[in-house]
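There are 2 protein chains.
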Amino acid sequence: MIKNQDFLKKENQILVLKLIIDKGPISRAEIAKKTKMSPTSASRIVAVLVQHELIREIEAKTDTVGRKATYFVPNESAVISAGIEINKEVVRIGFLNFVGELIAIKSYHFVPEDPSVTAEFVKCKLFEMMKHKNIHRARLAGICVGLPGLIDHKKGNVKLSAQFNWKDIPFLELLRSKIDLPLYIDNELKLQALAEYNRGGNSKQENMVVISFGSGVGSALISKGEIYRGEDNFAGEIGHTIVDPLGAYCPCGNFGCLQTYIAEQFLLDEASKTKKLNSIDDLISVAKEGEKWASNILDKATTYAALTVNNVICLNNPDVVVLTGSLVVNHPEIREEVLRKCKDQIWSAAAETFRLDTTEMGSEGVVVGAALSVQRKYLKEINLDHEEFSV
Amino acid sequence: MIKNQDFLKKENQILVLKLIIDKGPISRAEIAKKTKMSPTSASRIVAVLVQHELIREIEAKTDTVGRKATYFVPNESAVISAGIEINKEVVRIGFLNFVGELIAIKSYHFVPEDPSVTAEFVKCKLFEMMKHKNIHRARLAGICVGLPGLIDHKKGNVKLSAQFNWKDIPFLELLRSKIDLPLYIDNELKLQALAEYNRGGNSKQENMVVISFGSGVGSALISKGEIYRGEDNFAGEIGHTIVDPLGAYCPCGNFGCLQTYIAEQFLLDEASKTKKLNSIDDLISVAKEGEKWASNILDKATTYAALTVNNVICLNNPDVVVLTGSLVVNHPEIREEVLRKCKDQIWSAAAETFRLDTTEMGSEGVVVGAALSVQRKYLKEINLDHEEFSV
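Order-wise, the sequence lines are chains A and B.
Under the numbering used here, the first residue of the first sequence is numbered 500, with each subsequent residue one higher.
Under the numbering used here, the first residue of the second sequence is numbered 500, with each subsequent residue one higher.
Remember, identical chains collapse to one label, so a pair may be satisfied in a single copy or spanning two.
The calculated DSSO-like cross-link candidates involving lysine-lysine, where the alpha carbons are at most 27 Å apart (straight line), are: (1) 842 / 658; (2) 879 / 703; (3) 840 / 658; (4) 703 / 532; (5) 587 / 775; (6) 509 / 535.
Keep in mind that the hints were calculated from the coordinates and are not lab data.
Just chain A, with the same shape it has in the complex (with noise of 0.2 Å):
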């Protein structure tokens, strides 16, 4: 269809906010400059952010005179996002302000089990937290909430939650019953992507895929700023590509899948054919004890995840390559032991191609992946009316 006057508007508009929030306190001359608008626009489109209450003026000393002049910030309180993240044990609910600052974040221990009460255990909490923080629901922009499994972002479907035993659950219909705010689902991994993508010193990176080893293996990419997500929101379900066709039975029906090396639950079964443990911290002193077949299970997965970390690079061919997930994050002797491994197993041709980190946000890159998804919606929605404004 034809790009239009209209359609320029909404994207100039989105340009120079986008440009406040990265780089403010910006001046009116600095924003034409670097939009390569004519002052007449930037001006016009800076009145119309000021008076929708986007952005405010503030007055400050110039470099050079030390006369005062007028430069532009976002009104960081102006929208709020709202992520949340449920997982086998946990709630997490979170704040973003406008301009990415987590300004709260709470932790619930629960077990999600029937959707509806789940449903239910979100929306108490979520209008708790924001009661207590006194966010009003006119300036929430919306909730994303981060699911484990086949998430139909489009449909607001859980298609398939292995963790929780959910398959075909319509969430998002749930949770609007419940709470009368935009909503939307995902897949945690995506969304965490995204908040690594935001957060860590990344956005420059043109390909970056996170790799999360825990109760699952899964992985995410973010191209050229937008999650890679395939036709059904799947893409990067490397848990159940198959390494050996003869291997493991996988709980999917086939043999051999990646997860069966490598995911929590598979490495403790393993390990209860010998001995009863409840935990990956169990195993990691079993075999700091010097028992063999605790170090052998724990050799084979930080192999297994080396070989993944290589296989996505090869799929992929990022520029950056984030690990994160429980076993990685939460125990360095395995995180030491999957980086050694890397540099034996990475292809040779693509050694030198990417850089390698491990996740800086802990527990929180759900929660802020989830509610950075808000506020991405509601600024590819932007589209403010000039006229009413007009002198």
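Could you slot chain B onto chain A? The hints should help.
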């Protein structure tokens, strides 16, 4: 940067031209309707395209009253694009006209050893064909050459082509020293994917993957109509994904790379431990004669081919998968077996999400894709002047 009137002018010229290429014969009124332009804008753009001889008017009777009306069709000979494939034993050269018809294609037996000799051979045969087919250089939008291996399409270097034994060859520069026309080089499979996307009724697909089984193993992803390249144009190099860290040695230095299970030379190398064979045809014949070792080699290869399809689907989540490469194109027995095994090996959650096809382009895919990539570049850069034609 701000999007201005110049940007709009260019975008809208391209929009109208593509519409006429895709849907012509088409009237001014239909153009205006489909592009949501004003009739004046549509007429002005059409006039510019006619004067630049990219389209032409035809008169035809309207369906209803039988009066004559003016329609526009692309001038199919206005712009010609050349595509060249260089593979292990063949140089193939072809030309596409402006509406994407292959107007000439020819194959030459040639084994690329010395890069300079190869460039000279390409030049001679290209000019020979142009002369013979009466293609004037003024009408040639450019030439794209597809090669196997790691191709830096931006710098024009062959970083690594194991098949040719080339490393860090500035092949584009070599060609440019001989051919004074717009020139590009790229990875062959990425170009073929473009051809499959454009020609196989696949152009409505959001995420298409082409997987090739032959002298190597590779995959190429087209996402929203664009080749996904990754950072260094090696995305899809699935041949060096590791399936077994204790597997067979691969010349890349790792053990258990997927290509060692499946690429033609590795199958023949395995066979040679029992009997020296010259081709996959021989291997199939021997298997048909009841030699168990030969069927075992083929059985393993087809199992890993199906596993490859699964793994690419898990990573890329495409809506269509096209199989290509000599192993599946030239050997129906192998193709059928791979397709049969795919039914068992594809992750159950993904099984219904894509269509699985085999290429119908025979050996023309790379040439057509290369020429198409030239035409795409031409169309992207089009920016015809309005002014000189205004009255």
